[in-house]
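**Student:** Listed below, chain by chain, are the residues.
Protein chains: 2
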Amino acid sequence: MNVNKLKNYFPIFEWGVNYNKLTFSNDIMAALIVTIMLVPQSLAYAMLAGLPPEMGLYASMLPIILYAIFGTSRTLAVGPVAVVSLLTAASIGKFALPGSSEYIIAAITLAFMSGIFLIILGFFKLGFLANFLSHPVISGFITASGIIIVTSQLKHILGVNSSGHNLIEIISVLFSNINDFSFITFAIGISTILFLFWVRNGLYPLLLSVGFKRHSASLISKIGPVAAIIASTIFVWFFKLDFYGVKIVGEVPKGLPSLSVPSFSFSVWNSLIGSAILLSLIGFVESISVAQTLAAKRRQRINPDQELIGLGMANLGAAFSSGLPVTGGFSRSVVNYDAGAETPAAGAFTAIGLCLVSLFLTPLIFFLPKATLAATIIVAVISLIDFSILKKTWFYSKADFMAVFLTILVTLVIGVEAGVIAGILTSILIHIFKTSRPHIAVVGQVPKTEHFRNVSRHNVITDPKILTIRVDESLYFANTRFLEDRIYKEISKKLDLEHVVIMCSAINTIDMSALASLELINERLIISGVKFHLSEVKGPVLDKLKGTNFINKLSGQIFQSQFQTNSLTK
Amino acid sequence: MNVNKLKNYFPIFEWGVNYNKLTFSNDIMAALIVTIMLVPQSLAYAMLAGLPPEMGLYASMLPIILYAIFGTSRTLAVGPVAVVSLLTAASIGKFALPGSSEYIIAAITLAFMSGIFLIILGFFKLGFLANFLSHPVISGFITASGIIIVTSQLKHILGVNSSGHNLIEIISVLFSNINDFSFITFAIGISTILFLFWVRNGLYPLLLSVGFKRHSASLISKIGPVAAIIASTIFVWFFKLDFYGVKIVGEVPKGLPSLSVPSFSFSVWNSLIGSAILLSLIGFVESISVAQTLAAKRRQRINPDQELIGLGMANLGAAFSSGLPVTGGFSRSVVNYDAGAETPAAGAFTAIGLCLVSLFLTPLIFFLPKATLAATIIVAVISLIDFSILKKTWFYSKADFMAVFLTILVTLVIGVEAGVIAGILTSILIHIFKTSRPHIAVVGQVPKTEHFRNVSRHNVITDPKILTIRVDESLYFANTRFLEDRIYKEISKKLDLEHVVIMCSAINTIDMSALASLELINERLIISGVKFHLSEVKGPVLDKLKGTNFINKLSGQIFQSQFQTNSLTK
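Those sequence lines, one after another, are chains A and B.
All letters in the first sequence, in the order written, are residues 0 to 569 by numbering that gives the first Met the number 0.
All letters in the second sequence, in the order written, are residues 0 to 569 by numbering that gives the first Met the number 0.
Bound-form chain A, shown alone (with noise of 0.2 Å):
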């Protein structure tokens, strides 16, 4: 195997060769800040995923190495992240109840199911499954994610327990559980999301007037969620509130990740095997938007097929360390390139970090409030939810806002996986219905010119025995039918009729349904007396046409141009 293959498939040879002292050091820094950015994150969405804490911490670790090493981003920082960790609890909560044993080895099996199949996908090329989630889908449905994920965290704020996996269920749970409502739990909750908004908006002004410069001022206030982690923290051990009803994350092994094995049951895959699909799919686009947006910023390359590859080994990783599901997040990819991450060494040393963190700090959030925790995902999530892309739809394309529009609807009031599902087939459905009926013009000769132009729109020169059709669209199998009706109205009302010429300039492929059709109208135009010509066929259309059956019983010509058809009547 020659260097360059090795590159291909190994990204870490690219940029490996090329490391130095500097790389280093700024390696180390990034490295250093998004460490204690994960650590909160990474607590947080395990128990978003119905996880223990420690889960999402191991889910940094393995995952960001193996990353690093298959990835061809060079800055994506990967682990839990919030959208794919709700789909992990709505998937698993299927069948098995969060917090039991079968739950966290389901999780592990989810991790394991959606590492193999990105590597299938990324081996075999097949990224363009990814295609089937189109932009509206995927905005409305990570608009919907997000409302599920904050009401969803609501019972950490109130102190109330709640469940579901939609937001009708959601709340309706929560209501009927009010009566548990704990003040003070409430009081951490909303304080530490009102900081929280305050770091976000308010801290890196302040910042900035009292001297700091905008990088470093940008960077503190992207850590400041830790100093929340902390002071809550310190809040519930010194008042004992955890004796008043606070829910504390309790206590969190000290140590490494012991190797875990997924389950190999078949009622376990059978189960997950749509959820993985979907989870790895979802994640994959959102990763791969994430990777290209930084890459532009220093022209680099991400290799589609290698990033499925580098997630896949990701969740392997997981899938073997005691994680759950993960992907390329958005904010600790930002993070780690505005520290100034030059290679994937710096998630490399991230690893180490959060390895430091786990073997040695985990007994001091014993008292960490969940509603900290809650806080923090509302805070990171509430970001997610846009409408705009319903009005943006709404005025670009009515199809495309049903899409939208019943994408938010599912995921809101059924749930996340049939959310998306009703996405896809409605993506599918309008595509399918638009093309099927292709912009078709009727044309005619502007006098004194070789240029065709549509009837209905140009004072145009037309011959009652020739009838030119243009059409606009490649032809395949939903719009072929649309062709014919068309065609055969023509002739039905055009008695006189002796020709029929379909421009073809706009006509990028005719597959093979399409070919049916066009002989069928051959035949169908013979019987009725019109002959049936084509023009301006482009080039590679017309070398797979030749030799098929359809050219060799043509009843009329092929013209190279439309103005040759001027030849039919004389």
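No lab work stands behind these hints, which were simulated from the structure alone.
Bear in mind the structure is a predicted one, so any value in this text is a computation, not a measurement.
No false leads were mixed into what you were given.
If several chains are the same, the list does not tell them apart, and a pair holds so long as it fits within one copy or across any two.
Simulated crosslink set (SDA-like; lysine to any residue; CA at most 25 Å straight-line):
{"no.": "1", "residue 1": "LYS543", "residue 2": "ASP471"}
{"no.": "2", "residue 1": "LYS493", "residue 2": "TYR18"}
{"no.": "3", "residue 1": "LYS492", "residue 2": "ILE525"}
{"no.": "4", "residue 1": "LYS397", "residue 2": "GLU518"}
{"no.": "5", "residue 1": "LYS253", "residue 2": "LEU358"}
{"no.": "6", "residue 1": "LYS492", "residue 2": "ILE68"}
{"no.": "7", "residue 1": "LYS537", "residue 2": "LYS552"}
{"no.": "8", "residue 1": "LYS543", "residue 2": "ILE468"}
{"no.": "9", "residue 1": "LYS537", "residue 2": "THR448"}
{"no.": "10", "residue 1": "LYS488", "residue 2": "TYR8"}
{"no.": "11", "residue 1": "LYS545", "residue 2": "ALA398"}
{"no.": "12", "residue 1": "LYS296", "residue 2": "LYS493"}
{"no.": "13", "residue 1": "LYS492", "residue 2": "ARG297"}
{"no.": "14", "residue 1": "LYS488", "residue 2": "PHE127"}
{"no.": "15", "residue 1": "LYS6", "residue 2": "ASP304"}
{"no.": "16", "residue 1": "LYS93", "residue 2": "ASN269"}
Mind docking chain B on chain A? Use the hints.
**Tutor:** Just chain B, lined up with the frame of chain A:
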């Protein structure tokens, strides 16, 4: 409601006003021939569906009359057809035993649901849904169905019991019962098959040689099968072969169909809904194809939306008159046409003919051997089996070949419904896959012209600061990521690049996903210090883009012609 509108919804007013003596006598003649031909066909297809033979007759009475009122084809003959009967058996057989009263009610309910579904499609102009059934998938499905039908009828020819919904089941049950083999049955079956093949291929030339005209010779050979019915019935009756194990049709109730009422049980509807949709769409596609072929001969017009309503009403008619699901049949329609039918009144007369048969002649078919009916089915269906679609698609498009191959394989090995669904899903997947990698060319200027061509095919001038990409496909959710990736790849390779131009001459539409992608590309190119331009954007596309965020924030310009981009370097 004005008269023209009335004509749209009740095509009968279109042809009814011009009805005269000549059309009447032509229609009566056609009806007589079609009636003779339909008797064995109707009995046979009811048997194929696992239903009592009289239901086949009933399904050709009221449905034909309703189609005559609501349908747009002048000569289409509706009734039970092979593929629809097979689908009926497959869908009902899942939860009821052939011969049981639940089975019969399920068939009636299926016809009812199919009728309602078709009428809804027609009313809301949703006929495009039939486009999901691409031509290769339909061809493959019909061929595979033909094989299953032929195999399923072998039991009647061999005189043994069999059952099952796919090739493997049917054949294995057949072999396990092979000891019941009845030689007399086999002799009747095989000689009928041979006779029918001779009627099809040998009778016509014989009739010509003895002086018949082409037209009459052709029609006589079409009604030849009746001779087999009469001969084998007399043969069985005379030799009392029913005592020697030859299975006969037995008692068929005399008289007109009684009013039947579909089931409205939720569980029945739930089990049948998917089948009803598939069956309706397949029936519609088959029917409209026949109707259009016949209409082309007389330059008449078929209105697909009204056809849906016509077929829907026919199925409702079947549901309320103890029939089974129906659609327009190929052979009966061709015979109707060839026999000189001029208006749908011929269909009404056929219905009257069948009523007379049902009122007076059913005792005559008591001794009709089932082997004869099976032979009728086999000979009719063998012409449906056509593997040439495999060869055609193999040469034209490997992807379409895959769709056909999978449809045939799944239909044969798993069952008819699974086969259709596999075919539909594969077609969509293939379409998304193919359009997800559109043809993209980097173009340059042909020296001394204003034309721009593919750099890898022509000797053209390019500027290292400008990259011009021509996309030969409309932009939509399936292919935007491919375009994005291509652009990012190019800018990561060419570090002195300052401008990226997308030449949009072949882009017919830009959906919301693609718009979002263009926005992203623009943003990322701004970060990379590259300006983003479009050229040769089509009118309708530009109209939609106006006022969007993308255009407002576009870093570059929109050039009317690609040639104008040369101003970028000045």
